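Engineer: Residue strings, one per chain:
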Amino acid sequence: MENLLEIRNLKISTLRGRQKVLLLDEVDLNIPKKCSFGIVGESGCGKSITANAVMNMLPYPLEVSHGSIRFDSRSGEVDILKLDKKALRAIRGQEISMIFQEPMTSLDPIFTVEMQMYEALSFHHPGMSRPQMRERALEMLHRVNIPRPEQTLTSYPHQLSGGQLQRIMIAIALINDPKLLLADEPTTALDVTIQAQILRLMNDLKEQNDTSIVMITHDLGVIAETCEEVAVFYAGQIVEQANVMELFHHTAHPYTLGLLQAVTSLGSETRMLYTIPGIVPPGGQWSEGCRFSDRCSRCTDRCRQAMPALSEISPGHWCRCWLNSEEVAQ
Amino acid sequence: MKKKNAPVRNRALPGNESLLRQLWSDPMGRAGMIGVGMIILLAVFAPWIARFDVGKMNSKARFAAPNATYWFGTDNFGRDIFSRIVYGARVSIVVGVVAVSIAAGFGYLFGLIAGFFEGKVESVIMMVMDIIFAFPHILLALFIVAVLGKSIVNTMIAIGIVNIPVFTRTVRASVKTVKSTDYIANARSIGLNRMNILFKHVTPNILAPFTVQATLALSGAILTEASMSFLGLGIQPPDPSWGSMLSDARKFMEQAPWMAIFPAVFIIITILSFNILGDALRDVLDPKLKL
Amino acid sequence: MRDYIIRRLLGLIPILIGISLAIFIIMQLIPGDVVSGILGIEQTPELRAMWEKKLGLDKPLVEQYLSWIGKAVTGDFGESFRTGAPVFPEIMSRFKISAELAIMGCIFAWIIALPLGIISALKRNSVVDRIVRVVALMGVSIPNFASATLVILFLAKGFNYHTPVKYVGLFENIGTNMEIMVIPAFILGSVMAGSVMRMTRSSMLEVLRQDYIKAVRAKGAPERVTIFRHAFRNSSIPIITLIGMQIGSLMGGTVVIEQIFSIPGLGQYTLTGINQRDYPVVQGCVLFIAVLYVVVNLLVDILYTYIDPRITYN
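Protein chains in written order, with the numbering used here: chain U, 125 to 454; chain D, 183 to 473; chain H, 28 to 341.
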């Protein structure tokens, strides 16, 4: 396989009453090896459930109704959605790891950090001795810059701060040298100064390892600091995808533009916070035309009637908008 | 100010009409409402529904199996079991409602006082509640009746006292939550006095948990009464009680099983209906707890 | 940890004083008075005076209370009005029987309720889940005395089977003892089973939604580790609270069950005392059961601290 992860035609649905409602609609994604890939969008646009589907961990009643997720595992190419439980467990935590938005609730409150780190090792290396596990755990805590690792090992989660807990989560996620790290809003719940530290840490770790990172966030600022390639999600679809420089400098989709304007830059203190009017339409209430049409300031009749396709507007830059395809056509 | 109050009002008990409609639309809620409704109808219209005088003995018709005249058969005195069941519903409901009213009334009062005035008053009230709580329910009720004497009034008082702490705790907890929200401070800042705040703001907000609690307490009270009567320490003859009917039936179980089956079935249906209704009510009024 | 336990034990003292005061005050409410209760119609002024002196009723209330509680602490609960036998040894010997019944009831309840509650939560909205929920609702809604009567009726009519009438101790003949105890214990446990099932289900569902369960799965944990080591241990905290509270109704339940199945336990003793207006027996039994209940709840609280590290000992 050329890429590390290839998502094809992925559709995810949920149950609302007895009705099946689509939440993710034919998403295609390629995550290259040794790449940091950003997925950005407002909440409810389908970015988190995509990550959960990659782990094959969708919570009930969500389910994948169509598509494939091919992954280049150590034992060859596999479709994650077709793996049996045992093979799936071997991949989770060893080849693909995940960190979550809320570090305060991501560790089991009734066990020590030590036990939860050893657990991640012992699931995949049953023969490992306690001193070996301790050595590895301490090494990981050093790498994520935890002060006094020995003491931290014997602590319970409630005795540690959010920033420390997220470092520990990262340490646990990387303890088995995974090929892919899914980071679902890893800094959202943290204080701004801690956010920057965690992002720097993730960048450093990416340099040191061969791990690819998928960074899921609603904050383009985070993307700018950490990612090479970006996909913008809206209402269960990809609306724009490009190299990070290209996306920031030649923004094509009005939604991306809105997200960019919503980012407060530290330089301009007095600027009003820009918000895109309206909310993401929930699954089942998508318009037949362009799904962003209700909120778009440049919306035309055509946008309301037919959905634009995701088309390549310049090499490696894809966009789902009638404005661009018209420009291309002209 | 009005805007601040609005969301809180919405969280309070919805209008009766919409509450009933919501309950009805849920299958469990509907089952509970039908069950409870039937028992209440039996209780209210007992004199019209019963086919015979409750106390009327008929020595010629002792131990009659269920038949066209005696739908549920007769007991060892030749009394019509159907009629006794119907009047038994009345006794159950009256004892339950009075006992829960006693408990809810005092619980509400103590809870409001404890929650609102805090400090020493609160510690003393809660200490007393903890002490009542330290006795197993039925044991305390039996103890009170043993001391005060067996009678329907004492049964109601005993069951009422035993249930006070649950209401006190519910009300106190709600008062504290409501107190900590902004709009009480707002109400104070615009010069409403404490009593006004109490009734205007706290009361509608605690109605939801209070209603759920009352429904569940009602089933508990009916159960306690039936257990006490079963043990011979609740409702005294000649008043019919499902508990004492079931207890009397044990002596004649082999020859007249219907004497046991009908009261048992009615007790079970009643408690079950109240519990189902209580669950459904909690789901409607307090969606946070729904899982 | 030890300090915490000591502090909790000290905290018990005001509650115990409160309980004994409550019992003492309620005893004062007896209509008429105890002596006329004992003497009935045969009372003469001389007999009255003799009994009042014997029971210490001629002294002020405070003194009466202190003397009662002082003796109670040393295990002297007075003598039965009816038999003249000391109450405390009788309570202790009967308590063993009730304890056996209650412990068996608890074990039945947990063996049934915990696995079913877990399965019900894991298979949410499935047929199994629906059945478990109905069974649990029946458990909490069918009163002990009703199910006991129906079971006895069913066994008698259907199998011509009657439980042994004469009680045999556990150490005299374990087989007969079990034959006597199993059905009552099962019925006694059914209410607890129902509520524990409901609590296990809702608590498991709550925990299973938590991030840390997702995180454990993401580490590649086998399902049994996720469910037992993480989900169930976390869910057990509210379940234990509920069990602590349920123990009270279990103790109350023994009064009813022992009466129905003629088991000579503490509940039956209490009830006999009540029916015979044997006040030292009633007072002693109520005090004993209430203290026991409070102590059991304290043990439950201490058990918590072993499971949940978040509870601070301060």
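Possibly wrong hints are sitting among the right ones.
Said to hold, decoys possible - For lysine-lysine, the following DSBU-like pairs were computed, each having C-alpha atoms within a straight-line distance of at most 35 Å:
no.: 1; chain 1: H; residue 1: K150; chain 2: D; residue 2: K302
no.: 2; chain 1: U; residue 1: K206; chain 2: H; residue 2: K80
no.: 3; chain 1: D; residue 1: K332; chain 2: H; residue 2: K80
no.: 4; chain 1: H; residue 1: K150; chain 2: D; residue 2: K332
no.: 5; chain 1: D; residue 1: K361; chain 2: D; residue 2: K302
no.: 6; chain 1: U; residue 1: K330; chain 2: U; residue 2: K144
Unchecked claim - One-sided and incomplete, this derived list gives chain H residues near chain U with beta-carbon spacing under 8 Å:
no.: 7; residue: E79
no.: 8; residue: Y239
no.: 9; residue: P336
Source of the hints: derived by calculation from the structure; they are not laboratory data.
Remember, it's a predicted structure, so these values are computed and weren't measured experimentally.
Note that beta-carbon positions come from the ideal geometry of N, C-alpha and C, so glycine has one too.
Engineer: Run every hint past the structure and note whether it holds.
Structural biologist: For each hint, the structure was consulted:
With a C-alpha separation of about 49 Å, the suggested pair K150/H and K302/D falls outside the 35 Å cut-off, and the hint is violated. Taken as a hint, the K206/U and K80/H pair is broken in the structure, with Cα atoms around 88 Å apart against an allowance of 35 Å. Proposed proximity of K332/D and K80/H is supported: the alpha carbons are some 29 Å apart, at most 35 Å. With a CA separation close to 49 Å, the supplied pair K150/H and K332/D exceeds the 35 Å bound.
The suggested pairing of K361/D with K302/D holds, with an alpha-carbon distance near 18 Å, which does not exceed 35 Å. As the CA atoms of K330/U and K144/U are separated by approximately 39 Å, the hinted pair breaks the 35 Å bound. Hint status for E79/H relative to chain U: violated, with the closest Cβ pair at about 59 Å, above 8 Å. For Y239/H, the suggested interface contact is upheld, since its CB lies about 4 Å from the closest CB of chain U, less than 8 Å.
Evaluation of the P336/H hint against chain U yields a held restraint, the C-beta minimum of about 5 Å falling below 8 Å.
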